[in-house]
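Using the sequences provided together with the hints, build the complete structure.
Sequences listed follow chains A and B, in order. Residue numbers for the first sequence follow this note's numbering, so the first one is 1315 and each next one is one higher. Residue numbers for the second sequence follow this note's numbering, so the first one is 1315 and each next one is one higher.
A pair counts as met if it fits within one copy or between any two copies, since identical chains are not told apart.
Subject to a maximum C-alpha distance of 20 Å in a straight line, what follows is the list of computed SDA-like cross-link-like pairs (lysine to any residue):
#1 1346 <-> 1372
#2 1332 <-> 1419
#3 1346 <-> 1371
#4 1346 <-> 1362
#5 1332 <-> 1416
#6 1346 <-> 1367
#7 1346 <-> 1425
#8 1332 <-> 1412
#9 1346 <-> 1368
Worth flagging that the hints you see were computed from the coordinates, not collected in a lab. Here the structure is a predicted model, which means the values were calculated and not measured.
There are 2 protein chains.
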Amino acid sequence: MKAANSDVSSSLQQTAEKCAITKDVLRRIGDKWSVLIIMALSEGSLRFSELARQIPDISQRMLTLTLRALERDGLVVRTVTPIVPARVDYALSALGQSLQEPVVALGRWAFTHQDEVKMAREAFDALRPDTETAIET
Amino acid sequence: MKAANSDVSSSLQQTAEKCAITKDVLRRIGDKWSVLIIMALSEGSLRFSELARQIPDISQRMLTLTLRALERDGLVVRTVTPIVPARVDYALSALGQSLQEPVVALGRWAFTHQDEVKMAREAFDALRPDTETAIET
DNA sequence: CGGCATCCTTGTAGATACTG
DNA sequence: CAGTATCTACAAGGATGCCG
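Printed below as a string of structure tokens:
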């Protein structure tokens, strides 16, 4: 760990380091619901039940768990209003809003290139009808 | 589904549509290894065994499956040189290279904000020692 | 060398029922 | 209303061994 080495290996080091962190974030928001929740909250705070309605196929459990994870990472803010029945609102934090930018960038890529991907898949499947891949469609 | 409606609802429609596609892409590259492979191939093509060496903890099985999935989506190009022993090279396609841009954007976000996330987690864990979240550390 | 087959463990997620 | 608790399923992923 000599200082003299740092400029030599810094590029690769940083690259490797960034890869790991990138992988981490991608796994965090790469799950089934995080992005949908972040998108749903982009236009303002929502209550638990409103979120559940906007994301039709999510179960209460998964909504709770995903919100909890997002809250833990400081991406969403949870506000409890102590009335009966209880009212709980969720909103994006500043950090969560800043995350939106790269996420929608990825969304734009997906939208722009969706046809290329679809065609690539069809071409691949035509040649290799039942090849097992890591993620099924 | 009247045409007259399209301009009214187009914004929300497109948003919902983009969400779905974004979610799709994120799940595709949000798996454990895809990003690492894409990053590893960013500087040029690599052989199967070279990839395995650059990504120390990946199993042969997962390397094969992930490469196959990336190949199917047209992100990676597989080249077999029919000599013995066989030589197989993997490289990013143009599509794969274009994907790198938004991915490294996300990587930059992760790198920039890693401390904020870490602190948020610690603060959260301090208050709620053993809350179950969707994704464990 | 590259990769497929098999077996096995773990993680992710859904359904359902129950509580303050 | 906004969650927990429990139980179950299936898919991701790892270990190992064999093959062209």
